[in-house]
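Colleague: One letter stands for each residue in the lines below.
There are 2 protein chains.
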Amino acid sequence: MPDTQKRPRVVIIGAGFGGLAAAKALKHAPVDIEIIDKRNYHLFQPLLYQVATADLSPADIAWPIRGIFSGQENVHVTLSKVQSVDTERQVVTHESGDVFYDHLIVASGSSHSYFGKDHWAEHAPGLKRIVDATEIRRRVLMAFERAELADTSKEQERQLTFVIIGAGPTGVEMAGAIAELANISLRGDFRRISPDNARIILVEGGPRVLGAFPERLSGKAKASLEKLGVDVRTGALVEDVTGDHVVVAGEKIPAATVIWAAGVKVDHLETWLGVDTDRVGRVAVEPDLTVPGMPNVSVIGDAAKVPWKDGFDVPGIAPAAKQEGKYTGRRLAALVARKAAPSPFRYRHLGNLATIGRNSAIISMGWFKLSGFIAWCIWGAVHIYFLIGVKRPLFVAMSWVSNYLFRSKGARLITGMEGLRAIHLHVPKKG
Amino acid sequence: MPDTQKRPRVVIIGAGFGGLAAAKALKHAPVDIEIIDKRNYHLFQPLLYQVATADLSPADIAWPIRGIFSGQENVHVTLSKVQSVDTERQVVTHESGDVFYDHLIVASGSSHSYFGKDHWAEHAPGLKRIVDATEIRRRVLMAFERAELADTSKEQERQLTFVIIGAGPTGVEMAGAIAELANISLRGDFRRISPDNARIILVEGGPRVLGAFPERLSGKAKASLEKLGVDVRTGALVEDVTGDHVVVAGEKIPAATVIWAAGVKVDHLETWLGVDTDRVGRVAVEPDLTVPGMPNVSVIGDAAKVPWKDGFDVPGIAPAAKQEGKYTGRRLAALVARKAAPSPFRYRHLGNLATIGRNSAIISMGWFKLSGFIAWCIWGAVHIYFLIGVKRPLFVAMSWVSNYLFRSKGARLITGMEGLRAIHLHVPKKG
Chain A
546 MPDTQKRPRV VIIGAGFGGL AAAKALKHAP VDIEIIDKRN YHLFQPLLYQ VATADLSPAD
606 IAWPIRGIFS GQENVHVTLS KVQSVDTERQ VVTHESGDVF YDHLIVASGS SHSYFGKDHW
666 AEHAPGLKRI VDATEIRRRV LMAFERAELA DTSKEQERQL TFVIIGAGPT GVEMAGAIAE
726 LANISLRGDF RRISPDNARI ILVEGGPRVL GAFPERLSGK AKASLEKLGV DVRTGALVED
786 VTGDHVVVAG EKIPAATVIW AAGVKVDHLE TWLGVDTDRV GRVAVEPDLT VPGMPNVSVI
846 GDAAKVPWKD GFDVPGIAPA AKQEGKYTGR RLAALVARKA APSPFRYRHL GNLATIGRNS
906 AIISMGWFKL SGFIAWCIWG AVHIYFLIGV KRPLFVAMSW VSNYLFRSKG ARLITGMEGL
966 RAIHLHVPKK G
Chain B
546 MPDTQKRPRV VIIGAGFGGL AAAKALKHAP VDIEIIDKRN YHLFQPLLYQ VATADLSPAD
606 IAWPIRGIFS GQENVHVTLS KVQSVDTERQ VVTHESGDVF YDHLIVASGS SHSYFGKDHW
666 AEHAPGLKRI VDATEIRRRV LMAFERAELA DTSKEQERQL TFVIIGAGPT GVEMAGAIAE
726 LANISLRGDF RRISPDNARI ILVEGGPRVL GAFPERLSGK AKASLEKLGV DVRTGALVED
786 VTGDHVVVAG EKIPAATVIW AAGVKVDHLE TWLGVDTDRV GRVAVEPDLT VPGMPNVSVI
846 GDAAKVPWKD GFDVPGIAPA AKQEGKYTGR RLAALVARKA APSPFRYRHL GNLATIGRNS
906 AIISMGWFKL SGFIAWCIWG AVHIYFLIGV KRPLFVAMSW VSNYLFRSKG ARLITGMEGL
966 RAIHLHVPKK G
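Residue numbers (the numbering used here), protein chains in the order written: chain A, 546 to 976; chain B, 546 to 976.
Note that these hints are calculated values from the structure, not bench results. These numbers were taken from a predicted model, which means no experiment stands behind them. Ideal Cβ placement from N, Cα and C applies to all residues, glycine included. Among the hints, erroneous ones may be present.
Said to hold, decoys possible - Below, computed lysine to any residue pairings styled on SDA-like, alpha-carbon distance capped at 25 Å:
id, chain 1, residue 1, chain 2, residue 2
1, A, Lys626, B, Leu694
2, A, Lys626, B, Glu700
3, A, Lys569, B, Phe735
4, B, Lys572, A, Glu690
5, A, Lys572, B, Gly733
6, A, Lys572, B, Leu694
7, A, Lys551, A, His894
8, B, Lys850, B, Gln635
9, B, Lys572, A, Ile729
10, A, Lys626, B, Thr697
11, B, Lys626, A, Glu702
12, B, Lys626, A, Arg875
To be verified - Have a look at the derived ranges for each label pair, beta carbon to beta carbon:
id, chain 1, residue 1, chain 2, residue 2, range
13, B, Lys699, A, Glu640, 19 to 27 Å
14, A, Thr638, B, Asp789, 22 to 30 Å
15, B, Asn904, A, Glu618, 23 to 31 Å
16, B, Lys572, A, Trp912, 55 to 63 Å
17, B, Gly616, A, Trp912, 45 to 53 Å
18, B, Leu782, A, Thr638, 44 to 52 Å
19, B, Lys772, A, Gly788, 50 to 58 Å
20, A, Gly838, B, Thr697, 34 to 42 Å
21, A, Thr638, B, Glu700, 16 to 24 Å
22, B, Glu667, A, Gly917, 49 to 57 Å
23, B, Gly616, A, Glu640, 45 to 53 Å
For reference, chain A alone in the conformation it holds in the complex (with noise of 0.2 Å):
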């Protein structure tokens, strides 16, 4: 049933970059606005690979979306899942109900793509979430632990082998953070195993490693993760993954951790709105990032095509989808208020960072091209940045800080499913 307040209702399909940055550009705009998510928090994303090495722990980079609007009276949270739009009734099914919307701003963001390979999700998991991130932990250091109990050299060296698939920002971060947890964390932990003997390997299908940068940082970021030790295999294409081994361009490599962070893809749009999705399942937007045909409906984030340059689309990174979260609120209470609409969207490109390790950053921002030390401090310090306002800046700021000067253990727990699984095999005991 359409809802019969006067006040117009927003609703806003997830809690990412882009749900948030639209809420909040509608603080003050006379709507209500009701932000749907299936989990309770919103999640630093770019960080996330740091809960996965151990480094940070799942509350230094995820606060509770309750939290976040707290003070904002015109937001109500749903912790729900969605199921299903009904784009003529203007209604959002999810879990525990319907909601009519006057606007729907969908930010509901994307997933792993195995590129038809479903199947090797389980044994090379990806990262996305706090539970992947937790996952990872859990099977690097399970191997570490596996490594000094195996009874052959074989097992021992397939234990110590970590396969990263996929050479962007993520897998550049994952390899240069394994490799660091083998050479320093973990220095002195074992008795039997040298953690620093682990292979790390990096695997691009493209020609070199974080494509969407200059070249010339691209062959800094190898030349950096090689003095790391990660052994960096562009050009190489993926064949076949197993709980026992992945083959790489025809070669076989006994792992017993492979990671994925190698493609995306978007879920339901084709379903929820009825509409033509791409190849990945985005779904291509007006200039006013609304849908064709559907001048209610917004898509933005990583669930959105959207045309920037040169051939290319706008990357599906944390600041864009702020930026198309901040310019549809904005335009949203423009139309309200009965302004005029604002100028179609333009993203603004920052810029792209990666960092290698504890301290080598990559950064290319326009002119401003760095690797290094300094490069590392400045990456440090954006992240910072972003994090003020949001959650405990300070202690991820400590995190790192101590982590660095004192090479400090992290949090490197192994929680997770294995630990929950034994809650129902195993008598519990006091650890």
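Position chain B against the provided structure of chain A, taking the given hints into account.
Modeller: Same frame as chain A, but now just chain B:
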């Protein structure tokens, strides 16, 4: 097969307070120590309830066993689950192999006891492990979410009713912390419900809360809890626990969240050691903490029944386990060095501590008895002191101070089993 090494091998089962203290006391002894634990971390259990109530993160109160012994060359850590002990052949069998011991230290701790009603466990989780804490956190936070979405006021009330069974320190601390979560942390977060309408019921079968404390302090604790809005029911026996309600002293209380803080039991010792155990599974040890008739097997911590005074046993608390571990380590060091064995173990009771919410505590140390804010400051200082040298105490102190000063929201992430199950049921989507 007996080991042929010259240095005696000490096997320690469990890396809790007792096991760690024993290993540390053997630091300079010419022995090989093998610590077997089924988890890779030591847990600072006294603060575990703060993880359950989202004030701290798991990584704040747990740290890798390997990291603790990284610099102690004679310690070997095995991440595995003990399956059996052969006291004739002096062999411990675990999931990944067998290990011979010259001396065995059993420091395996305790688990929850539901007094024979094991089917209550599912509805009333206890608080012993990190997964317990995150599960309780999930249930508590989800109850507010479900109340917000509830169709009827009856269901809303049921979701907002929290029953804590057992009023020892853990139960009292949980009740106080949930009251503060509802009254303070969640304030302003919901639109349909008012979290401070939550009913928190603390049920105790005995005549008073904190039964191990002097009577006057029990009264103070009760008053503090009632000031926070906790409904304290002493002399009230729990008769039934279901997923829908609990029955307390004949009264049926609809409640969605029930937390068990009542009883503990010790597992496995009878079968492992082939000895008689007491009602809760503990082994009555000799004055030197060895098992009667087995001079090379010590039992310490919660697993040991050690007489204290006035017919009481040494309590199952961290300082007691630490003292027993230290004593056992020193005793073995003396034996190995062929020095005189130390005099029998004597427990030094340091006192009892409990907090009630964020600015009140109850302290009883010999003649020194205190309650209120100053007691809370002492409680904090004592815990920070015990964390020093093991785990980032500065972070914990900062969390407390910032929670206290800014009434901050803490680590209110709903993760854990339901979220993990969701991996398999739902198509992943960015948060």
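Colleague: A separate judgement is required for each hint: does it hold in the structure or not?
Modeller: To see whether the hints hold, each was checked on the structure:
{"no.": "1", "hint": "A:Lys626 to B:Leu694", "result": "13 Å, holds"}
{"no.": "2", "hint": "A:Lys626 to B:Glu700", "result": "21 Å, holds"}
{"no.": "3", "hint": "A:Lys569 to B:Phe735", "result": "17 Å, holds"}
{"no.": "4", "hint": "B:Lys572 to A:Glu690", "result": "23 Å, holds"}
{"no.": "5", "hint": "A:Lys572 to B:Gly733", "result": "16 Å, holds"}
{"no.": "6", "hint": "A:Lys572 to B:Leu694", "result": "23 Å, holds"}
{"no.": "7", "hint": "A:Lys551 to A:His894", "result": "38 Å, violated"}
{"no.": "8", "hint": "B:Lys850 to B:Gln635", "result": "23 Å, holds"}
{"no.": "9", "hint": "B:Lys572 to A:Ile729", "result": "24 Å, holds"}
{"no.": "10", "hint": "A:Lys626 to B:Thr697", "result": "21 Å, holds"}
{"no.": "11", "hint": "B:Lys626 to A:Glu702", "result": "24 Å, holds"}
{"no.": "12", "hint": "B:Lys626 to A:Arg875", "result": "57 Å, violated"}
{"no.": "13", "hint": "B:Lys699 to A:Glu640: 19 to 27 Å", "result": "21 Å, holds"}
{"no.": "14", "hint": "A:Thr638 to B:Asp789: 22 to 30 Å", "result": "27 Å, holds"}
{"no.": "15", "hint": "B:Asn904 to A:Glu618: 23 to 31 Å", "result": "29 Å, holds"}
{"no.": "16", "hint": "B:Lys572 to A:Trp912: 55 to 63 Å", "result": "57 Å, holds"}
{"no.": "17", "hint": "B:Gly616 to A:Trp912: 45 to 53 Å", "result": "48 Å, holds"}
{"no.": "18", "hint": "B:Leu782 to A:Thr638: 44 to 52 Å", "result": "46 Å, holds"}
{"no.": "19", "hint": "B:Lys772 to A:Gly788: 50 to 58 Å", "result": "56 Å, holds"}
{"no.": "20", "hint": "A:Gly838 to B:Thr697: 34 to 42 Å", "result": "40 Å, holds"}
{"no.": "21", "hint": "A:Thr638 to B:Glu700: 16 to 24 Å", "result": "21 Å, holds"}
{"no.": "22", "hint": "B:Glu667 to A:Gly917: 49 to 57 Å", "result": "55 Å, holds"}
{"no.": "23", "hint": "B:Gly616 to A:Glu640: 45 to 53 Å", "result": "51 Å, holds"}
Consistency with the previously given hints fails for numbers 7 and 12, ordered from lowest to highest.
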